[in-house]
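Protein chains in written order, with the working numbering: chain H, 1 to 194; chain L, 1 to 250; chain D, 1 to 462.
I should point out that these hints are in silico values taken from the structure, not numbers from a laboratory. Please read these numbers as outputs of a predicted model, since none were measured by experiment. Just so you know, not all the hints are guaranteed correct.
Said to hold, decoys possible - A few chain H residues that face chain D, going by a derived Cβ cut-off under 7 Å, partial list only:
# : residue
1 : Tyr151
2 : Thr155
3 : Glu175
Cβ coordinates follow ideal geometry from the N, Cα and C atoms, glycine included.
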Amino acid sequence: MNARDAILGALRAAGATPVEAPAHPAPVPQGEPVARFLESVKAVGGSPYRVPDAAGLAAGLAALPAWSAPRRASLVPGVPGTVDLAAVTDPHQLADLDVAAIPGELGVAENGAVWVKGESLGPHRAVFVIPEHLVLVVSAADVVHDMQAAYGRLTLPRPGYGLFISGPSKTADIEQSLVIGAHGARSCAVFVVG
Amino acid sequence: MAQVGLFIPCYVDQFFPRVGLATLRILRGLGLSVVYPREQTCCGQPMYNTGCTREARPLAERFVRLFSGFEAVVAPSASCVSMVKVHYPDLLGETPEVKALALRTFDLSEYLVDVIGVTRVEGDYPRKVGLHRSCHGIRELRESSSSERMDAPFDKTRQLLSQLRGIELVELERPDECCGFGGTFAVTEEAVSCMMGRDRIADHVRAGAEVIAGYDMSCLMHLDGLARRDGTALPVVHVAEMLEKARLVR
Amino acid sequence: MIHFHPEKARAFAQDDARAHWHDKALWFVRVKRDRGAATVPEWERLREAAAGIKAHTLSRLAGYLEEFERNATANGMQVHWARDGEEHNRIVHGILERHGVTRMVKSKSMLTEECHLNPYLEARGIEVVDTDLGERIVQLAGEPPSHIVMPAIHRKKEEIGELFHEKLGTPAGLSDPTLLTEKARQHLREKFLGAQAGLTGVNFAIAETGGFVVVTNEGNADMGTTLPPVHVASMGIEKVIPRLADLGVFTRLLARSATGQPVSSYTTHFHAPLPGGELHVVIVDNGRSRMLADAHRRQALGCIRCGACLNTCPVYRRSGGYSYSYLIPGPIGSVLGGHRDLRGHASLPFASSLCGSCTDVCPVKVDLHHQLLVLRQEAGEQGLVPLGKRMGMKAASFAMARPGLFRAGGRMARWLLWAAPGLARIGPAGAWLRGRELPVPPRESFAELYDRETAGSGEDRS
Chain H
1 MNARDAILGA LRAAGATPVE APAHPAPVPQ GEPVARFLES VKAVGGSPYR
51 VPDAAGLAAG LAALPAWSAP RRASLVPGVP GTVDLAAVTD PHQLADLDVA
101 AIPGELGVAE NGAVWVKGES LGPHRAVFVI PEHLVLVVSA ADVVHDMQAA
151 YGRLTLPRPG YGLFISGPSK TADIEQSLVI GAHGARSCAV FVVG
Chain L
1 MAQVGLFIPC YVDQFFPRVG LATLRILRGL GLSVVYPREQ TCCGQPMYNT
51 GCTREARPLA ERFVRLFSGF EAVVAPSASC VSMVKVHYPD LLGETPEVKA
101 LALRTFDLSE YLVDVIGVTR VEGDYPRKVG LHRSCHGIRE LRESSSSERM
151 DAPFDKTRQL LSQLRGIELV ELERPDECCG FGGTFAVTEE AVSCMMGRDR
201 IADHVRAGAE VIAGYDMSCL MHLDGLARRD GTALPVVHVA EMLEKARLVR
Chain D
1 MIHFHPEKAR AFAQDDARAH WHDKALWFVR VKRDRGAATV PEWERLREAA
51 AGIKAHTLSR LAGYLEEFER NATANGMQVH WARDGEEHNR IVHGILERHG
101 VTRMVKSKSM LTEECHLNPY LEARGIEVVD TDLGERIVQL AGEPPSHIVM
151 PAIHRKKEEI GELFHEKLGT PAGLSDPTLL TEKARQHLRE KFLGAQAGLT
201 GVNFAIAETG GFVVVTNEGN ADMGTTLPPV HVASMGIEKV IPRLADLGVF
251 TRLLARSATG QPVSSYTTHF HAPLPGGELH VVIVDNGRSR MLADAHRRQA
301 LGCIRCGACL NTCPVYRRSG GYSYSYLIPG PIGSVLGGHR DLRGHASLPF
351 ASSLCGSCTD VCPVKVDLHH QLLVLRQEAG EQGLVPLGKR MGMKAASFAM
401 ARPGLFRAGG RMARWLLWAA PGLARIGPAG AWLRGRELPV PPRESFAELY
451 DRETAGSGED RS
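Produce the entire structure from the sequences given, and follow the hints as far as they go.
In structure tokens:
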């Protein structure tokens with residue numbers, strides 16, 4: 001008998017009494033989502049910015065020190081970068097990428113997380129984790145209260161890929177001292193447009 | 001008149017009889033008819049907690065026989081009461097008799113607040129008091145909210161004590177950390193047990209407590225033993241002793 | 001084995017300052033958890049839902065695993081099954097060997113610790129680099145993790161500085177966490193870029209969508225799975241959950257319970273291999289199906305590895321992860337270790353005062369302290385309770401069943417304590433007396449005080 005049949009057989013033989021799945025509790029919305037989102041981004045070590053439109057975004061990026069670094073990749077429509085990701089054949093070549101700007105599909109107010117769907121990452125998934133700095137752009141209309149709301153709205157095709165990014169990379173593994181910038185981005189600027 | 005069966009834990013009977021006396025006086029002071037079944041000895045908790053269920057069972061069966069038939073069974077001990085309420089059904093099976101007894105057995109604080117409905121406590125206790133809330137009382141009997149759970153805060157013992165004139169209940173840094181007694185744990189894991197107890201005492205001392213109050217003499221016996229060994233002047237007192245001279249109003 | 005924890009704990013406690021440092025460090029994480037939980041008004045309802053989702057899933061586990069396999073395969077993943085740790089290691093090695101892998105990076109997985117994967121692969125010429133900073137620290141030090149979420153919590157920064165000086169060439173005397181982390185970043189970045197495969201654990205596997213979620217703060221799982229073309233994910237059978245929407249409940253509980261953060265930095269949903277790459281999932285039993293067979297053991301399989309029970313446990317905080325004989329320490333470790341091999345971990349169910357704090361912080365409401373009590377009963381039945389203790393309980397039970405004997409014994413004990421306190425050093429009282437005074441023996445028992453109180457009052461004396 002192969003392992004699969006042995007394991008499934010053992011599980012079925014365990015004869016567990018079926019238990020119904022519970023309903024999820026209704027989340028309690030707290031405050032105005034965009035305001036709360038901006039606070040949460042700050043609380044998780046990110047840098048939040050609110051801009052009215054595409055022009056505001058361009059101005060905000062121009063003023064962001066991380067965005068003035070030489071090797072910049074952008075996946076945000078209307079925002080030009082200096083690195084053409086389509087011409088990169090191997091993600092290892094992105095090792096010296098200074099900063100990447102990536103569009104998010106949703107923002108989550110309770111924790112400052114941004115849902116980035118796989119298609120938004122272009123040809124190389126590594127683009128969100130390998131650069132020194134990260135810029136995320138999300139629309140104000142796409143900010144929801146909490147993760148329960150987020151899972152009800154996000155796009156995750158099958159097959160597919162996607163992730164929530166909340167602030168920069170961090171660790172507290174050395175005597176509980178919080179250090180920003182472990183293996184992923186050292187900073188995370190989040191622009192809320194609209 | 002309600003017939004209350006007075007349940008005096010074995011170690012209270014032998015080593016802290018004044019706590020039993022205070023409990024008796026409080027109940028009689030409320031006009032209750034109190035009976036002390038003389039044949040009682042031990043609820044079986046020490047055996048049960050050490051995995052010796054065979055030794056615990058006959059004691060539990062004895063207890064049920066002795067205490068069935070009272071309208072309420074009251075003890076000055078949350079841990080012994082939790083043995084009856086929470087663990088007797090597991091140990092003896094959920095017979096109607098065991099279930100009924102479980103429903104009618106109370107720690108003193110919860111009995112006064114929930115059953116008698118004491119709303120006013122008129123008495124004096126002009127001291128700075130650190131309230132040690134024993135684990136069984138919090139997490140088995142739910143006599144007060146636990147710091148872990150996100151519930152609206154409540155505390156039946158504090159509700160009673162805070163009304164004593166002159167009392168100041170100090171704020172502890174760790175309001176419900178275990179004292180480390182834990183029954184035979186106190187002896188088998190002696191090093192950790194003593195460290196836990198000393199840390200509790202240090203918390204009370206830093207908070208300015210002049211006395212440590214509690215509703216479980218087992219915890220208080222352990223803390224008192226540590227304090228006296230270390231030369232820390234911090235006496236212990238049972239809640240019953242604090243309320244003994246007070247007038248309790250429904 | 002019954003003396004393992006008490007002896008190790010005593011040794012840990014010898015360095016009183018260090019034990020208190022460890023206790024404070026972990027209490028701090030507990031406090032952060034409380035603050036995080038307090039921001040969610042529906043916290044207790046979420047716990048209830050999480051417990052219910054796990055109970056439901058565990059009652060239909062075979063069906064959900066089959067659904068997961070079907071959908072994962074449709075997503076282009078390759079699903080493998082392993083009965084035990086040895087089979088898991090063979091499968092993982094087989095995949096790596098087929099791809100000629102000699103350098104692999106790994107993100108945190110207690111399952112792979114359980115299977116002893118690292119030594120297995122290293123013996124076969126594969127370099128395995130643990131990339132979670134805490135894991136890398138203990139790997140360089142040659143020691144096991146002492147906490148499931150913060151593996152190096154037992155290490156002071158000066159010690160880590162010394163370790164990095166020795167192994168990574170950092171300047172001697174460097175102890176600043178920011179600078180040490182920067183050094184680790186550079187060092188591990190080379191490993192990520194040079195890796196030929198990445199191995200991760202699985203936080204949640206979703207039956208409905210055929211994908212799985214890996215959660216980190218550091219981004220190490222993401223560095224390890226977006227660069228090399230081969231990704232192997234090891235998961236225990238109990239990690240599957242029914243639907244994507246269920247993650248809405250779990251992701252609101254997990255990070256808050258673990259560290260107090262509202263969510264971890266990266267919550268990555270793998271639903272397909274990298275273009276041109278391979279994604280393998282190895283589903284492992286290793287004794288879990290046996291635990292599922294018992295209704296009272298099953299609940300512990302709901303654990304989502306947040307570590308909150310460790311942080312809240314007054315015993316774990318004061319004795320450290322190495323005082324536990326099982327690879328996972330603390331309350332959940334004592335429960336899982338006890339259920340797996342009670343004889344081998346006989347001291348663990350007793351390494352607890354049964355305070356119940358663990359049960360109240362567990363996001364999936366595993367009734368941990370009641371499980372420890374059940375394990376004590378099993379220990380009693382299997383003759384694992386030391387003879388001295390058993391005899392003591394037998395004697396006590398005998399006396400307690402006979403009121404006359406109880407009263408006489410009590411009177412004698414009180415008299416002896418007063419007359420010859422030195423005699424009290426024999427037996428359990430001796431252990432008590434090491435650090436504490438015994439209570440001052442009263443002259444009379446309660447029964448005697450009662451008689452005087454009620455004399456002549458006509459009170460019924462039964």
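Evaluation of the provided hints:
| no. | hint | result |
| --- | --- | --- |
| 1 | Tyr151 | 4 Å, holds |
| 2 | Thr155 | 11 Å, violated |
| 3 | Glu175 | 5 Å, holds |
Figure legend: structure checked against the earlier numbered hints; the only hint not met is number 2.
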